[in-house]
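All chains should be modelled from the sequences, with the hints used to inform the complete structure.
Protein chains in written order, with the numbering used here: chain A, 14 to 453; chain B, 2 to 106.
One thing to keep in mind: the hints can contain errors.
Unchecked claim - Listed below are the simulated DSS-like cross-link pairs for lysine-lysine, each with C-alpha atoms no more than 30 Å apart in a straight line: (1) B:Lys66 <-> A:Lys105; (2) B:Lys88 <-> A:Lys420; (3) A:Lys326 <-> B:Lys59.
Hints are computed from structural coordinates only; laboratory data are not their basis.
Chain by chain, the residues run as shown.
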Amino acid sequence: MRRSLFFVKAAMALGTFTSPALAESSSTGTDAIKATAQSGTTGGTTSSSTFGTLAQAFQIESTGEDTTATVALSFNLSEPGQSRSLDTAPTKLIFGTTAVQISATAPLGKNGKPSLFDFDKLGDDTSLKFGLSHYWGAVNYIPASDANGIPARTSRLTRVCIAAESERAIANASQQERAKMRKDGDNFREDLNQKLAASATLSPQAALETIADQIPPTETSPFAKTLVLKCIEGIGGALDGTKKSLVTEYGTVADKANVDDWNASGLWFIGGNGKVARANYEFIDQIVFNKRDFSRTNYKIEAFGGHISRNGKSSWQGSLSYVRSYKPQDDINLCQPNGVGAQILCLTGAAGAPAQKNRYTAAIEYRHLFTLQTLGGSSLAIAPRISYEAKSKGALFDLPIYFAPDKSKGLNGGFRVGYDTAEDDLAFGLFVGLPFSLFY
Amino acid sequence: MPNITFTIGGEPVWKGAVIEDGHNMIETFDIPGASFTHGVPSDSLAWFTLYAKGPEGKEVTVEIKRGEFSLVRKRTYLFGSDLTVAKSIQFDPDKPEPTNSGAAT
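Below, the structure is given as structure tokens:
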């Protein structure tokens, strides 16, 4: 058995296109894990903007001496949306969302200009990627006016939040300020009660939001206004700028247990993606003793599906893929007399034209996120994956263990072990830059 | 019946919505691309409930406007560790909130 130790650095360039599962597809076995090390980003700038659900991004990456430009577009295809007649109120509703992503990458600086397309084909070292996904899930519907509905709980927890924040602020204030703050708080509650009394259908939550939306405050003291802003979810600066949820911060155990009552089914998904890439291969033509270029198109097509659990802690995924790629021959050093005395002329390069390789792969993967309360709420995740390649009749076992967080505390690095039965190769090492996600 | 425009932004992977008029459901929606407009009956407060899922730490935004320009509500929610957002927003289809709502950004 061969053993390999490696360090992987991979760049997330385009979200869903570069999940750990896809990173494996461009080469064979544990080589695939090592291959991601070659896609590291060492510099460049990124700019992107989002308009509604049409997202556009333009990105320039530099790796060593190579610079590439990427243009990416994503669309939401759920238009025009489905409306349902609710003459008979259902208790379960099903919603679906469809999305498309397209991106193109081309090298910069070769021949002095970008070259995505030649006249009749993709330019060398350029690629096109596309993806289509459909997510759907069921919702247990509870009317907004219901005592167990979302608004009732939110209103109750908003009041709990205001009371708690009020007491905290008063406790931290000077003796002289406390009396005024208490008076402001009393006036605020009276103002709120008057608003509620004036409308039979106005919810406490909406009444508070109405106050929160009034800037400058007309009838509300700055102190009360601050309290409301801290405790209304969804407003900039809400919950003291942390944007945490009321349930997380002030909910009871029952609130936390019931928070996903609406979530009837978890989330199902199905989709496909593909990549077309043009590559140039240089090799030695041994018959004419000269170097030749050989330009070919590589393909990848993949279909996938899976399910994300109700609590958002785990997902199952399966995929089928076809890959056509070209593998360069090993390098040789070839010499022959050049006709001038005893001098010889030597060429170094691939021994021949690259060999076409077709791969048919089926894979299944499980992803799970653990929250370690004993370590202060730190997270750890695993994503074991088994894939089988029909042509080589080889299986690849891959087990990434995520434990390294990025700046936003999302997991994006850790330790990885892979075993390739066809090559009898066991590989293990560290990786960074591959964010953990339960979504495909 | 005023036309209300609902716009969902941010980075939700999946989303759906229910509109209620007082105590009754009006419609449910697979939320379309950028936004959608729906007539909401006058004379009563209405509810817009958003159900969404997305990556932890990412946001989903809701913007409710009367017609094209009058801002009624704008809210931003963060996907937590359960990847879910389920929020009900009450609004008055006849009366946009004060336009100087700097808090609602």
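Inset, instruction - Against the structure, test the hints numbered earlier, and report the numbers of the ones violated in rising order. - result: Those not satisfied: there are none.
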